[in-house]
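S.K.: Construct all of the structure, not just a fragment, from the sequences and the given hints.
If you're matching them up, the sequences are chains P and Z in order. FYI, the working numbering numbers position 431 of the first sequence as 431, with every residue one higher than the one before it. Whatever position you read off the second sequence (first residue = 1), add 541 for the working numbering.
Hints are supplied without guarantee of correctness; some may be wrong.
Pairs of lysine to any residue residues, derived as SDA-like cross-links and limited to a Cα-Cα distance of at most 20 Å, are as follows [stated by the list, open to error]:
no.: 1; chain 1: P; residue 1: Lys349; chain 2: P; residue 2: Gly339
no.: 2; chain 1: P; residue 1: Lys358; chain 2: P; residue 2: Gln530
no.: 3; chain 1: P; residue 1: Lys491; chain 2: P; residue 2: Asp511
no.: 4; chain 1: P; residue 1: Lys56; chain 2: P; residue 2: Ser92
no.: 5; chain 1: P; residue 1: Lys358; chain 2: P; residue 2: Trp389
no.: 6; chain 1: P; residue 1: Lys491; chain 2: Z; residue 2: Ser622
no.: 7; chain 1: P; residue 1: Lys439; chain 2: P; residue 2: Ser459
no.: 8; chain 1: P; residue 1: Lys491; chain 2: Z; residue 2: Val613
no.: 9; chain 1: P; residue 1: Lys491; chain 2: P; residue 2: Lys206
no.: 10; chain 1: P; residue 1: Lys439; chain 2: P; residue 2: Pro309
no.: 11; chain 1: P; residue 1: Lys491; chain 2: Z; residue 2: Arg644
no.: 12; chain 1: P; residue 1: Lys491; chain 2: Z; residue 2: Glu578
no.: 13; chain 1: P; residue 1: Lys470; chain 2: P; residue 2: Asn438
no.: 14; chain 1: P; residue 1: Lys491; chain 2: Z; residue 2: Leu625
no.: 15; chain 1: P; residue 1: Lys349; chain 2: P; residue 2: Trp389
no.: 16; chain 1: P; residue 1: Lys470; chain 2: P; residue 2: Asp414
no.: 17; chain 1: P; residue 1: Lys491; chain 2: P; residue 2: Leu262
no.: 18; chain 1: P; residue 1: Lys491; chain 2: Z; residue 2: Pro640
no.: 19; chain 1: P; residue 1: Lys470; chain 2: P; residue 2: Pro410
no.: 20; chain 1: P; residue 1: Lys358; chain 2: P; residue 2: Leu262
no.: 21; chain 1: P; residue 1: Lys491; chain 2: Z; residue 2: Arg672
no.: 22; chain 1: P; residue 1: Lys491; chain 2: Z; residue 2: His612
no.: 23; chain 1: P; residue 1: Lys491; chain 2: Z; residue 2: Ile576
no.: 24; chain 1: P; residue 1: Lys56; chain 2: P; residue 2: Ala43
no.: 25; chain 1: P; residue 1: Lys491; chain 2: Z; residue 2: Leu645
no.: 26; chain 1: P; residue 1: Lys491; chain 2: Z; residue 2: Arg642
no.: 27; chain 1: P; residue 1: Lys206; chain 2: P; residue 2: Asp190
no.: 28; chain 1: P; residue 1: Lys470; chain 2: P; residue 2: Gln409
no.: 29; chain 1: P; residue 1: Lys439; chain 2: P; residue 2: Glu503
With beta-carbon atoms standing in for the labels, derived distance ranges [claimed, not checked]:
no.: 30; chain 1: Z; residue 1: Leu625; chain 2: P; residue 2: Asn380; range: 49 to 55 Å
no.: 31; chain 1: P; residue 1: Pro410; chain 2: Z; residue 2: Leu625; range: 53 to 59 Å
no.: 32; chain 1: Z; residue 1: Ser619; chain 2: P; residue 2: His268; range: 16 to 22 Å
no.: 33; chain 1: Z; residue 1: Gly646; chain 2: P; residue 2: Ile444; range: 48 to 54 Å
Residues from chain Z that keep clear of chain P, each with C-beta distances beyond 10 Å, as calculated [unchecked claim]:
no.: 34; residue: Phe565
no.: 35; residue: Ile566
no.: 36; residue: Glu575
no.: 37; residue: Arg579
no.: 38; residue: Arg600
no.: 39; residue: Gly629
no.: 40; residue: Glu671
Keep in mind the hints are simulated off the structure, nothing from the lab. Predicted, not measured: the structure shown is a model, and the values here were computed from it. Even for Gly, the Cβ is constructed at its ideal location relative to N, Cα and C.
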Amino acid sequence: MVLYDSATLGGSCSGSSSSSSSSKPPPLQQRQQTQQDIDGFLAGAGYRVRSSELRKVAQRLERLETAMVNSPADLSQLASDTIHYNPSDLASWVDSLLSELTQPPTCPSEFIMDPVSNQTVVSDAWTTAEPHMPQVHQNISYEQQSLNNQLTVVPAMEEDSGIRLVHMLMTCAECVQRGDFSLATSCLEDMQGLLTRVNTVCGIGKVAGHFIDALSRRIFQGIGGGSVNGGSAYENELLYHHFYEACPYLKFAHFTANQAILEAFDGHDCVHVVDFNLMHGLQWPALIQALALRPGGPPLLRLTGIGPPSPDGRDSLREIGLRLAELARSVNVRFAFRGVAASRLEDVKPWMLQVNPKESVAVNSIMQLHRLLGSDPNRNSPIETVLSWIRSLNPKIMTVVEQEANHNQPGFLDRFTEALHYYSTMFDSLEACTVQPNKALAEIYIQREIANVVSCEGSARVERHEPLSKWRTRLSGAGFRPLHLGSNAYKQASMLLTLFSAEGYSVEENDGCLTLGWHSRPLIAASAWQAVSDGTADFPA
Amino acid sequence: MVQNHRREDHETGGENKEKRPKFFINDHVDILIEILERLDGRSLCIAASVCRLWCTIARNDSLWENLCFRHVSPPPSSVRSVVLALGGYKRLYTGCVRPVRSRLGRVRRASWARDEVQLSLSLFCVDYYERLGGSNSNGRLVEKSSPSSLMFLCKPVNV
Chain P
1 MVLYDSATLG GSCSGSSSSS SSSKPPPLQQ RQQTQQDIDG FLAGAGYRVR SSELRKVAQR
61 LERLETAMVN SPADLSQLAS DTIHYNPSDL ASWVDSLLSE LTQPPTCPSE FIMDPVSNQT
121 VVSDAWTTAE PHMPQVHQNI SYEQQSLNNQ LTVVPAMEED SGIRLVHMLM TCAECVQRGD
181 FSLATSCLED MQGLLTRVNT VCGIGKVAGH FIDALSRRIF QGIGGGSVNG GSAYENELLY
241 HHFYEACPYL KFAHFTANQA ILEAFDGHDC VHVVDFNLMH GLQWPALIQA LALRPGGPPL
301 LRLTGIGPPS PDGRDSLREI GLRLAELARS VNVRFAFRGV AASRLEDVKP WMLQVNPKES
361 VAVNSIMQLH RLLGSDPNRN SPIETVLSWI RSLNPKIMTV VEQEANHNQP GFLDRFTEAL
421 HYYSTMFDSL EACTVQPNKA LAEIYIQREI ANVVSCEGSA RVERHEPLSK WRTRLSGAGF
481 RPLHLGSNAY KQASMLLTLF SAEGYSVEEN DGCLTLGWHS RPLIAASAWQ AVSDGTADFP
541 A
Chain Z
542 MVQNHRREDH ETGGENKEKR PKFFINDHVD ILIEILERLD GRSLCIAASV CRLWCTIARN
602 DSLWENLCFR HVSPPPSSVR SVVLALGGYK RLYTGCVRPV RSRLGRVRRA SWARDEVQLS
662 LSLFCVDYYE RLGGSNSNGR LVEKSSPSSL MFLCKPVNV
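M.R.: Shown next, in the form of structure tokens:
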């Protein structure tokens, strides 16, 4: 006589692990089943349950477990051999058990569960569970109360749908890679149906929603990705600002880079910082203040900010420069600003920066270098062009902060998988972070990145993230050597993270570079570099 | 001086103490300041609600300066001009130093006191910069310049 531990059954389809059934869940491509029919995963485990009834059955299994654990009846009666209920028809089996257990204790039915023939069993969980049964409640009202806690079933159900969503996303991506757009379209429809049953406010549902949007954009609008990159500069700045406030990634980037620049400028009186993406200039107030307070007094600071041209005649670069100048004046730092408007970084030429030979230069690139990795066979690789003119400036330090992800692989499915993991982690971290209204706009910022990674190709795809190891190879090959970021930067980063009320962020040191991650998955990496000096440097060291 | 002399005469003379003047702390502002300098932030705010004199004194930025640098070895003199330019010590304390200290208190190490203040100063500076945006006459900049870079230091409200 063989009994099942109902706890393993009441949950996700990992219930199949309790049997040594050799059938795997049927491959998704062959799932032609509609929702009225039998659920495929459980069928692989030997249980026949209608897909439409899954939620109800799961709830009842939970109730059954609670009822069995709290039942005043002596469960040893279950061990005797009276009535057979076939558990492969899971819905009716559960119903019958429940009706028997929730009746008053005077009539405990005796029954046994008959294993489906093609399965071997499991644990004699009941024989061990019996002496460990928790306090027997004669009070039926407790049982009623525990039966009311059915909300706990919902997450188990959701987890199941979440796993299914992920599987379907991978299937769809694989179809797209193969070029089978008709199957991809039907997958997309299935997923959109599944989305309605999943909580899309948080968790896997939300991330999946964004990926489904990106996939449908790719399938139906092609890979030009017009509207994705078409956001106005104003919108981009706004989203960037909210992303800055909602989570610590950009703050970490700014503070770490500033610390490295501050240390590199120690002892120099004439310094020039080139910022590859000025935005609102939020990085620079802290540097200006730190320079103002450095022992020995502040240097003459020049800042050159590169940014996209403003469409409506407003000179946003100049406005930011004026604000920074006002701040510098308040703290008595001699300051000069210059704005360079360029829609692409590779269009900037070194003469535009007007670097003075006597000053020390720092180049600061926060998530900009990866945009140059799109290779056009007709032109020189933009990354090499830019790196070579950076090198010709002979900067004292070049700070590079990049996303720690491999989103530039040639194969679409690999890229998609990597992006799914990366952005799920990032959304998780955002979830735990804050209760601000800014969170929604920060999510839109991330969503745009997702859309670009997934639905664009060629020159339209600018979010070509590469991991730190690849950047190391690339920069070393271009004539740069790494500078270690130092313990002050690490200390500052740790303190900064402790300030964020979410616990889960971790700063790690990786061979002189710092990475910030969520639960030990690094998401953003900061590093510092210096040009290797050789005899052909354009400017004297 | 005459008053003291008279008092001594009374005491040495063993006279009754009925004419001995009572001590009002508000008459001795310097002592009051010495005492207030040693309070913590919350007590200082409570003290500011006692009466108008205390309120005026508590607004004095040097009291807050003491609070900020209490656990730190004396900072260089240039810090003061910078902090005053960025909005003053009271603002620095209430906006940055206090939340930073309370959050870092969980994992504080002794060597962090100075770094805490430096970090607070940096955050304070970013906040000042955002507040600057409001003074710009351009309508669009005003909209996006509400100083919210310190929002993450505010306690999240559990609704």
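S.K.: Does the structure break any of the earlier hints, and which numbers would those be?
M.R.: Of the numbered hints given earlier, those the structure breaks are 6, 7, 9, 10, 12, 13, 14, 21, 23, 33, 40, listed in rising order.
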